[in-house]
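In order, the protein sequence lines correspond to chains V and L.
The UniProt record's numbering numbers the first residue of the first sequence as 1 and each following residue consecutively.
The UniProt record's numbering numbers the first residue of the second sequence as 1 and each following residue consecutively.
Everything labelled a hint here was simulated from the structure, so no lab data went into it.
Quick caveat: nothing in here was measured; it's all calculated off a predicted structure.
Ideal placement from N, C-alpha and C gives every residue a C-beta, glycine not left out.
Heads up, some of the hints might be wrong.
Example chain L residues on the side facing chain V (calculated, C-beta under 10 angstroms, incomplete) [claimed, not checked]:
(1) T75
(2) A78
(3) L87
(4) D119
Over 12 angstroms on every C-beta distance to chain V, these chain L residues come out as not near it, computed from the model [what the hints assert, rightly or not]:
(5) T27
(6) G83
(7) Q107
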Amino acid sequence: MFLAWRELWFARARFGLMGGVVALIAVLVVMLSGLSSGLVNDGVSGLKKLPVSAFAFGEDTAIDSAFSRSTVDRDQLAQWADQDGVAEAALFGNQLVNGEGPHDEPVDLALFGVEAGSFVAPSAEDVIEGTALSGENGIVVSETVTDLGLGLGDTVTIDRLGTELTVVGILDGQHTFGHVDVAYVPMGTWQEIHAGIPEGAEARPEIYDGATAIALASASGEDIDRAAGDAAAATTTVSLEESFDGSPGYAAETLTLELIQVFLYAISALVVGAFFMVWTIQRKHEIAVARAMGASTGYLVRDALGQAAVVLVVSTVAGMGVGVGFGALLSSSPMPFALEAAPLAAAAVLLIGLGLVGAAASVGRIARVDPLTALGGQR
Amino acid sequence: MTNTAEQLAGRASRTTEGLALEHVSLTLGDGDSTVTALDDVDLTVPRGELLAVVGPSGSGKSSLLAVAGALIAPTSGAVHLDGVDVLALKGGRQAALRRERIGFVFQSGNLLPALTAMDQLRFALHVAGVRGTPGRDPRDLLEQVGMGHKAGRRPHELSGGERQRVGIARALVTTPGLLLVDEPTAALDRARSHEVVELLAAETHEHGVATVMVTHDHDVLEHCDRVVEMEDGRLSA
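Only chain V is shown next, with the shape it has when bound in the complex (with noise of 0.2 angstroms):
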């Protein structure tokens, strides 16, 4: 690192543009693995902390539009809930509503629908403030319902059908569906909803049989045969990671922000190839003289390649301060917006790693060149 460190100094605007080209890309990558993480815990934070490990949903059904379309029923249940490695089995509602909140302000709400005292069921310890599930018309919702100025004891009426559902409960955290707030509501108040069934109107009993899927927990340390149950209780069953693509526009968000990833990396690793091709060809001259002098391929190599890491780490870690400073300041806002250490982590190796890779591959010419072209003569 001997002649690293001073043509570091050296050539210190070249090495800053491209420094600076390698942050920004640092700074674009923090924002969109925060934009990345926001939307994924908008459109399925409320699934991911369920203790589940699958859904069975109604045969046949399409996985972009299982939790809108699908049904199931009791004895389907009754067919899972005896099947090898499950350990839990449960109806699961779900159904997104619009609503009205205490001071006719719209509310939008993702009910859950879930029978009291069920594996699904929000229990005392998930809950930050009020009860679990109690009362036919009681709901639990997700904290960031507060955000709505909703609270404790408020009451939100169901639109066109006019149930009033009253917060009694209020969960740890984020619980969102489709970017829309989870309300976690009792079994027979979710059928009746889902069914469209006006406040204190008849119902036909037969809507009390079925939801939208079945809730299912493997038993520790065992895998559930989906193949089998599915045969035996007519469903289609996914994993819960699977049922993510069933929440309303998840697919096709995180597909386009990966992509726009993706490309970010590979654009990285080629602008800093590029770089250190160029710098390479440039000292050409130089690393004969060097050459000539006695220095081995392997002293030489070793030197790019240390100058190319601390360029990319400076320039990584700077631009990925400044991108999480941003990110700060967009926590506070509406935005779906979550910087989470591990993704931000496994980016900036990524950035490092492939930039590397791209200065190997430059600097690989170090070995062809020849130390007599250091002789004047020889030119």
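Since the structure of chain V is already known, use the hints to place chain L on it.
Okay, now just chain L, sitting in the frame of chain V:
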């Protein structure tokens, strides 16, 4: 193993210290267009001698330096440096030989632009892996070549003569046994040329270095101990 063998060889042949080329021939190019750059060259340069090689362009002077400096292997013949058979060494050991035993002085210095005069010398020591003991003190050496006051300057802040002085100091800082000098005065005026070659002669004599200097410049030959002429790859005294 290699080290011990070399050391033994070095000790066994104290009397043959310096550079010795025997029947060295070098053919460059391939197929139809081969050029005989060196044709059966015999040359011995003992330690403490400044040898000048003169001759027209393309006569093989630079090839002579390249072969002597282990930058290129001759087609046939033998090269010994301080009794060590240079051609018997593998590529990595040849690079080691260059950084430990051979100093190069290039045309117009060929200094590294990012380094100050002082760092040019320290880089040579760093490459050679010298940690203190065997190398010469870079500051003293810069003083001796009259560049002590410009130790912190980079090549673009130095004149041609100053660059050449730093280049000479860089070649000498690792205490080489062989100094190979390529057209040191090509970019210098007469007064500077004489200063530079006088400096080379003084260092050669004082530190017992075998020095081979390739030059076009007949003015500076008065400072050399011996002059050989090269034409079409052949040497004549």
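Notebook entry, point to check: Any Cβ of chain V at or closer than 12 angstroms to Q107(L), or is the non-interface label fine?
Noted result: violated (4 angstroms)
Item checked: Beyond 12 angstroms from every chain V Cβ - status for T27(L) -> holds (15 angstroms)
Margin query: A cut-off of 12 angstroms on Cβ-Cβ distance, and G83(L) was said to be off the interface with chain V. Does that hold?
Written below: holds (19 angstroms)
Check: Any CB of chain V closer than 10 angstroms to the CB of A78(L)?
Finding: With a closest approach of 20 angstroms, the A78(L) hint is violated.
Margin query: Does the closest beta carbon of chain V sit nearer than 10 angstroms to the beta carbon of T75(L)?
Written below: violated (15 angstroms)
Item checked: Interface hint status, L87(L) versus chain V (Cβ within 10 angstroms) -> violated (16 angstroms)
Notebook entry, point to check: With a cut-off of 10 angstroms, does the beta carbon of D119(L) approach a beta carbon of chain V closely enough for the hint to hold?
Noted result: holds (6 angstroms)
When each numbered hint is compared with the structure, violations occur for hints 1, 2, 3, 7.
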